[in-house]
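Let the sequences and hints guide you as you build the complete structure.
Number of protein chains: 2
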Amino acid sequence: MARSSGNRRSRSGGRAGAASRRGTAVIEQMPWNPPVNTDLPTEPLTPEGVQAIHDGAMRILEEIGVEFLNQEAVDILRRAGCTVDGENVRMGRDFVMEWIGKAPSEFTLTPRNPDRKITVGGKNLLFGNVSSPPNYWDMELGTKVPGTRDMCRNLLKLTQYFNCIHFAGGYPVEPVDLHASIRHLDVLYDKLTLTDKVMHAYSLGKERVEDVMEMVRIAGGLSHEEFDASPRMYTNINSTSPLKHDFPMLDGWMRMARRGQGLVVTPFTLAGAMAPVTMAGAVAQSLAEALCAVVLAQIINPGCPVAVGTFTSNVDMKSGAPAFGTPEYMRATQMTGQLCRFYGLPMRSSGVCAANVPDGQAMWETSNSLWAAVQSGTNMVYHAAGWLEGGLIASPEKFIMDCEILQQIQRYMDPQIVATGPDEIALDAIKSVGNAGHFFGIQHTQDRYTTAFYQPFLSDWKNYEGWEVAGAVWTPERAHLMFKEIIGSFEAPPLDEAIREELADFVARRKSEGGAPTDF
Amino acid sequence: MARSSGNRRSRSGGRAGAASRRGTAVIEQMPWNPPVNTDLPTEPLTPEGVQAIHDGAMRILEEIGVEFLNQEAVDILRRAGCTVDGENVRMGRDFVMEWIGKAPSEFTLTPRNPDRKITVGGKNLLFGNVSSPPNYWDMELGTKVPGTRDMCRNLLKLTQYFNCIHFAGGYPVEPVDLHASIRHLDVLYDKLTLTDKVMHAYSLGKERVEDVMEMVRIAGGLSHEEFDASPRMYTNINSTSPLKHDFPMLDGWMRMARRGQGLVVTPFTLAGAMAPVTMAGAVAQSLAEALCAVVLAQIINPGCPVAVGTFTSNVDMKSGAPAFGTPEYMRATQMTGQLCRFYGLPMRSSGVCAANVPDGQAMWETSNSLWAAVQSGTNMVYHAAGWLEGGLIASPEKFIMDCEILQQIQRYMDPQIVATGPDEIALDAIKSVGNAGHFFGIQHTQDRYTTAFYQPFLSDWKNYEGWEVAGAVWTPERAHLMFKEIIGSFEAPPLDEAIREELADFVARRKSEGGAPTDF
Numbered sequence: 001m002a003r004s005s006g007n008r009r010s011r012s013g014g015r016a017g018a019a020s021r022r023g024t025a026v027i028e029q030m031p032w033n034p035p036v037n038t039d040l041p042t043e044p045l046t047p048e049g050v051q052a053i054h055d056g057a058m059r060i061l062e063e064i065g066v067e068f069l070n071q072e073a074v075d076i077l078r079r080a081g082c083t084v085d086g087e088n089v090r091m092g093r094d095f096v097m098e099w100i101g102k103a104p105s106e107f108t109l110t111p112r113n114p115d116r117k118i119t120v121g122g123k124n125l126l127f128g129n130v131s132s133p134p135n136y137w138d139m140e141l142g143t144k145v146p147g148t149r150d151m152c153r154n155l156l157k158l159t160q161y162f163n164c165i166h167f168a169g170g171y172p173v174e175p176v177d178l179h180a181s182i183r184h185l186d187v188l189y190d191k192l193t194l195t196d197k198v199m200h201a202y203s204l205g206k207e208r209v210e211d212v213m214e215m216v217r218i219a220g221g222l223s224h225e226e227f228d229a230s231p232r233m234y235t236n237i238n239s240t241s242p243l244k245h246d247f248p249m250l251d252g253w254m255r256m257a258r259r260g261q262g263l264v265v266t267p268f269t270l271a272g273a274m275a276p277v278t279m280a281g282a283v284a285q286s287l288a289e290a291l292c293a294v295v296l297a298q299i300i301n302p303g304c305p306v307a308v309g310t311f312t313s314n315v316d317m318k319s320g321a322p323a324f325g326t327p328e329y330m331r332a333t334q335m336t337g338q339l340c341r342f343y344g345l346p347m348r349s350s351g352v353c354a355a356n357v358p359d360g361q362a363m364w365e366t367s368n369s370l371w372a373a374v375q376s377g378t379n380m381v382y383h384a385a386g387w388l389e390g391g392l393i394a395s396p397e398k399f400i401m402d403c404e405i406l407q408q409i410q411r412y413m414d415p416q417i418v419a420t421g422p423d424e425i426a427l428d429a430i431k432s433v434g435n436a437g438h439f440f441g442i443q444h445t446q447d448r449y450t451t452a453f454y455q456p457f458l459s460d461w462k463n464y465e466g467w468e469v470a471g472a473v474w475t476p477e478r479a480h481l482m483f484k485e486i487i488g489s490f491e492a493p494p495l496d497e498a499i500r501e502e503l504a505d506f507v508a509r510r511k512s513e514g515g516a517p518t519d520f
Numbered sequence: 001m002a003r004s005s006g007n008r009r010s011r012s013g014g015r016a017g018a019a020s021r022r023g024t025a026v027i028e029q030m031p032w033n034p035p036v037n038t039d040l041p042t043e044p045l046t047p048e049g050v051q052a053i054h055d056g057a058m059r060i061l062e063e064i065g066v067e068f069l070n071q072e073a074v075d076i077l078r079r080a081g082c083t084v085d086g087e088n089v090r091m092g093r094d095f096v097m098e099w100i101g102k103a104p105s106e107f108t109l110t111p112r113n114p115d116r117k118i119t120v121g122g123k124n125l126l127f128g129n130v131s132s133p134p135n136y137w138d139m140e141l142g143t144k145v146p147g148t149r150d151m152c153r154n155l156l157k158l159t160q161y162f163n164c165i166h167f168a169g170g171y172p173v174e175p176v177d178l179h180a181s182i183r184h185l186d187v188l189y190d191k192l193t194l195t196d197k198v199m200h201a202y203s204l205g206k207e208r209v210e211d212v213m214e215m216v217r218i219a220g221g222l223s224h225e226e227f228d229a230s231p232r233m234y235t236n237i238n239s240t241s242p243l244k245h246d247f248p249m250l251d252g253w254m255r256m257a258r259r260g261q262g263l264v265v266t267p268f269t270l271a272g273a274m275a276p277v278t279m280a281g282a283v284a285q286s287l288a289e290a291l292c293a294v295v296l297a298q299i300i301n302p303g304c305p306v307a308v309g310t311f312t313s314n315v316d317m318k319s320g321a322p323a324f325g326t327p328e329y330m331r332a333t334q335m336t337g338q339l340c341r342f343y344g345l346p347m348r349s350s351g352v353c354a355a356n357v358p359d360g361q362a363m364w365e366t367s368n369s370l371w372a373a374v375q376s377g378t379n380m381v382y383h384a385a386g387w388l389e390g391g392l393i394a395s396p397e398k399f400i401m402d403c404e405i406l407q408q409i410q411r412y413m414d415p416q417i418v419a420t421g422p423d424e425i426a427l428d429a430i431k432s433v434g435n436a437g438h439f440f441g442i443q444h445t446q447d448r449y450t451t452a453f454y455q456p457f458l459s460d461w462k463n464y465e466g467w468e469v470a471g472a473v474w475t476p477e478r479a480h481l482m483f484k485e486i487i488g489s490f491e492a493p494p495l496d497e498a499i500r501e502e503l504a505d506f507v508a509r510r511k512s513e514g515g516a517p518t519d520f
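From first to last, the protein sequence lines stand for chains D and V.
Here the working numbering is used: the first sequence runs in plain steps of one and ends on residue 520.
Here the working numbering is used: the second sequence runs in plain steps of one and ends on residue 520.
Don't read these hints as lab results, they were simulated from the structure.
Don't take every hint at face value.
Each pair may be met inside one copy or between any two copies, as identical chains are not told apart.
Claimed, not checked - Listed below are the simulated DSSO-like cross-link pairs for lysine-lysine, each with C-alpha atoms no more than 27 Å apart in a straight line:
no., residue 1, residue 2
1, 244, 431
2, 462, 318
3, 462, 484
4, 123, 102
5, 102, 244
6, 431, 318
7, 511, 206
8, 318, 484
9, 206, 244
10, 102, 117
All of these numbers come straight from a predicted model, not from anything done at the bench.
Take a look at the structure:
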């Protein structure tokens, strides 16, 4: 099995041995091996239920329409045959289905390190780091503080370090010590030098999108033609629910569509606030908002890669606060999965919680959302590691705790666990032990014990007394110590020095030009 | 929806209002309403895989045999046609299938309060409290101590208090301050007076089983005939893996079978220790050990109610320590579910973790095991609340934290969440809000907001600042405060005074007779 062969490589001083000298041996983790979700999805909707939600989404697009606060987008949609009234755009279901039918059901994203290429769609299950919290919390600070570039860099190091993180999301924390006009330049420089995984660009104005595409192109050592030839990165846009797409998001969406890069549209439909209080209505509205953006992208560049995101949860009706990882969230995610399969589109969901600190509540809410991602057939799991307080806080301890769950999901999908050949039924082994004795020492066990079971890096399986002798350390404190060790010994992935200089020059030039406007 | 109508009753001072004066209003919890598992089970095995494990289990029974360390059981099995060699009993697959075919696929258990009747089998999903840890831990003690009668009583109060706990397991902590000879008498007295839910008897010698059956009969105000007429309680036995059933367990099993009470057999097959290192082999062995006990029960009393339990997990190959809530545990549980459906027998699994304290690890391990119970189609979930350290510690904080997950599972199964009628698609509501505004104030929301979403009792959904102002209390501390409040205001369920006296007299008499021998 792969995990153990990793261990063996590590001991034998091979490739991973070299890596361990670079510091990756703080923990023994599973190798890079994005899971394939072999479970049949959990489908709470009957076929009639799927039709009812589809019909609801279509009637929203036909009868109510979505506002596109971007004249270029409106013009494109009008010319393609939509009914336009000012910024309101309506479109018929046949039109919608025809255009979304052009989107691929599966696509690849290839970062600067082609070994980190990922495939979005099908049964592929991919995890990304927490994205965009304005604040940071760790055990040492013990309180919530605004994010900084240093904190952002540390979380990027975790993003690179953990093999169960397959793509980089947005900024793992907003570095508010960097001026908004040049933040994207500095963070993308950090991202591209500290990680070699798939990159994301915020659709927040022309300059940010174009700069990031250019930096990803430079980092990959690609010509413009090579960059355009296949998806190298992606963006994620959110609609302004209810039923509105704003200017900069649409602008980035269209720029990326033209260049054939990855597109994800994720309405943030909190049931009872920006969407109906009923989950089926919230899902229908979310799909309507997503599908019309998919249509726009396909008109611009038929066949360009698009995924539909879901962020349908509910508000706490006592306080109005958003709730995450709830039963309603799980069902909405599963329902959206059914509809994504109906439309033949890849799907994105998230790892989420409302908890403010990495405690028990954080883990049951996060577990609920991650298992809902698995059950729904999600392809891209955003915020899969490091999210607290409904996305307002990024935490390195939470990041590491979540990675333990992600690794377990990766192992859970290993078909070896459920193999039923004669070697696994093991009748001879059972016969040899008979009605007495144990299986510890027998050959069947000896041949398999190093690879038979999931080996955690953070879970402490010692008994209470052993755990007490080792300092009685609770999970978040253990995660904090691990965080310090990983950061302390982190070494960045290889990058050609000429490319690094070209990136630095690009950043310097664009800063001298003033970066991006901040009036978005 | 039921939860909210409970709230309404509470405010209007009705039945639940009266209950709240008795102290049940410490939290607003969902009403007693055992969930019906509407999800299709997760099935990692192909039909061929199911056959392979079935064939493995049958060959174990045919070719290797199971030791029955109980002459009476051996004689019964020999007379029925099994091949006996000393204590080793072998049986053919046709014989096995014929006898297990007589067991019902579903049965009821009716405790002294018939409103707490439960149905085991089908799509029913039932939760029981942690059972049998010798030790106790809470936030106030901050350390692991041997269990006492007081601790046991407090955990029984939680068992009664939480509507999401549907049956009482074994002792929620072993009260080691009670002498083993009379422990069952005192604890059963406590159980029967502090709770009105389904009771369990340990199969640890004739006296314990007979005493408990008698006390359950008395508490129910039943004649012997009425007690025998339908299942009023249950036992759970564990095989001594590999492939052995010991004397007292079989003795209790047979006594309960004769009187038509509930039977659960749960092999404890730790892969790599008492079972093959391969999960399919461990599951096959577990099933062989369980099914031969089912056969014995059916020969004694054809049609008597039996469930098959699974406790297949793995050891940590580094330390030999048992691991719980792992990917292997989840898959073994799902595989066992497929085989239980193949055999047409109800299933038991567990809520488990290896963690020593109620922290993040405890919750991801427990979440894994509880969702595996859901995915496997489990009917009875033992240890669903309160378990730590692989079952060696019971904790009231963990109990309450687990109940939050259990309530969420109950809500998750509410078909209302996934309803897709016109009221739920809510096109008119979406139309009325259009491209601006929000859904907070509209009639569609107002009509539904009190019942639309899961309302937690322990999760804190405040934002960080609100949580900080409220004391910055982490989950286990919140659970501890709740524990104190629940215990402080607990009132026992009604019990006829004459019955209480009869129970007390029975206990006094049996104590004067010396209770049960302690040489088992």
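Hints, one by one, checked against the model:
1. 244 - 431: Answer is between; shortest inter-copy Cα gap is 13 Å, intra-copy 67 Å.
2. 462 - 318: Between. Shortest inter-copy distance 10 Å satisfies the 27 Å Cα cut-off; intra-copy 41 Å does not.
3. 462 - 484: The answer is within: 22 Å in one copy meets 27 Å, while 29 Å across copies does not.
4. 123 - 102: Result: close within a single copy only, 20 Å intra versus 41 Å inter.
5. 102 - 244: within (23 Å within a copy, 62 Å between copies)
6. 431 - 318: between (61 Å within a copy, 25 Å between copies)
7. 511 - 206: Result: close within a single copy only, 15 Å intra versus 85 Å inter.
8. 318 - 484: The answer is between: 25 Å across copies meets 27 Å, while 39 Å in one copy does not.
9. 206 - 244: within (19 Å within a copy, 72 Å between copies)
10. 102 - 117: within (23 Å within a copy, 55 Å between copies)
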